[in-house]
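**Student:** If you use the working numbering, the sequence shown corresponds to residues 4 to 441, in order.
Among the hints, erroneous ones may be present.
[What the hints assert, rightly or not] Straight-line alpha carbon distances no greater than 27 angstroms define the calculated DSSO-like cross-link-like pairs of lysine-lysine that follow: (1) 298 / 162; (2) 152 / 162; (3) 185 / 347; (4) 152 / 114; (5) 39 / 229; (6) 165 / 347; (7) 165 / 152; (8) 51 / 152; (9) 165 / 241.
Just so you know, these hints were derived from the structure itself, not from any lab.
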Amino acid sequence: MRIGIYGSSTQTGGAFLVDFIADGHDVYGYARETDKGIEFTDSIIDRKGIVLERFEDDGQIRSRIIPLGTNRVGHDIYDLVEHSDIIIIAHPSQFILDTIKQLNEVGIARKRIPIILGCSRTIATPYIWNILGEAYPVVCFSTSPYSAKAPAPGTVFIKRRKRNWMASLEGEFTIEDIDRIKSLFPQVLFNRVPATTSLGNIGAIFHVTPYILNYDEILARRAEGKVYSFYMEGIAQKPDVGRYMEAIDQTRLHIAHHLGLSVFGCSISPREQEWKDMMNRMRASEKQHEDDIEKLRILRQGHLQHIGESIVSAQHWLDYTYGVTRIPGESLSSAIGRTPTYQKMSIPQSRYLNEDIPTGLVPLEALAKRFGVDHDAITYILDLYDRIFNRDSRAEGRNLDGFSTEYLRDYLVGIQMKERPIGPEAVDEDLIDDTANL
């Protein structure tokens, strides 16, 4: 398959690049022609490959080179569009619209190449449709598939690949498009309900509040030249921070409940026993294939399809994403403290504010206001951020101005998607139903 990656020099972009090359796809990794982008492409071309670092079973980090082969990295956006059957945008979400405008200038709308947003965050597609046209095919991931770093130019350190995640298919897709996307990501829970990704924005829950409430400590540690463990010190050891996070989490769950969507972990209707039964069945099946990663991913995808159109709490998300078994009534701070991937050193990153405020908390607050849902915790954090950094977050972010409440409601529940054909090849009801349930 011919895959284009816009933002291949980012942490997530490098992870996509190395995995797709290793899987034998024909890949073009596009990096903007900045100092960082040039250094990234030059190092790969000079080395004729990408350095992949991973944790081994003994806990040590091992590295190996993934040969570039006939794949390419470069700075020509026209080549990216001409090369690709699918384009993945791998950089942080606040830059998506600038990227879409650039892609539009080189003819992507005419070619209708499906776009996968590796990190879409909240209410991305309506803004994209304003540029490329209503119903342009967009796939929104609920979360980045990787926990990854870029320790050096041309090097990617993949700490962990997420087990499963949700993705919403938004717009018109051909059957061929659907088949390609599904084959690339067999572990993904595909659906036609954009709320699963827009309201499933976990980054908005996990990133902003701990950064803002621990800001003085983060600065002090940085001044000492020491590392601040974002998840362990900033959340697991700070129950008060966790409570603010849970309040914001409940806001997004209450929005979903207000829209009549399937929700797990909402204080109005937690559905804990239903979740426990489903996860117990899945874990019993997993024991039969413990040594086969690919079989496990597909098996999990089958079991979790039941929640493919659901919005789940942060604790439930940790359960199906990282295998941290849900304990009813447990605090979010405690659940994060039990998450192995967070127990490894994790440092505060500027994107936790630069991305997750304009594309996360701002649109979540706007949605809560539209639908009459309590948003006091979000408002407090945004106001605090604005005071600390002398910003106007609502003016700078996805404030949803220009979209009617009716349009947003219909978009989130997938009314546009259900009424819209998959594409010119899908002409009968059975075929449409078949692909809509991916």
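**Student:** Now tell me, hint by hint, if it's right for this structure.
**Tutor:** These are the hints, each one checked on the structure:
1. For the proposed pair residue 298 and residue 162, the alpha carbon gap of about 21 angstroms is at most 27 angstroms, so the pair holds.
2. For the given pair, residue 152 sits about 8 angstroms from residue 162 by alpha-carbon distance, which is consistent with the 27 angstroms threshold.
3. For the suggested pair residue 185 and residue 347, the alpha carbons sit about 32 angstroms apart, so the restraint of at most 27 angstroms is broken.
4. For the hint linking residue 152 to residue 114, the alpha-carbon distance of about 33 angstroms lies beyond 27 angstroms, and the restraint is violated.
5. About 25 angstroms separates the Cα atoms of residue 39 and residue 229, which keeps this hinted pair within 27 angstroms; it holds.
6. For the suggested pair residue 165 and residue 347, the alpha carbons sit about 15 angstroms apart, so the restraint of at most 27 angstroms is met.
7. Restraint check for residue 165 and residue 152: satisfied, since their Cα atoms lie roughly 14 angstroms apart, inside the 27 angstroms limit.
8. Taking the CA atoms of residue 51 and residue 152, the gap is about 20 angstroms. The hint holds against a cut of 27 angstroms.
9. Taking the CA atoms of residue 165 and residue 241, the gap is about 25 angstroms. The hint holds against a cut of 27 angstroms.
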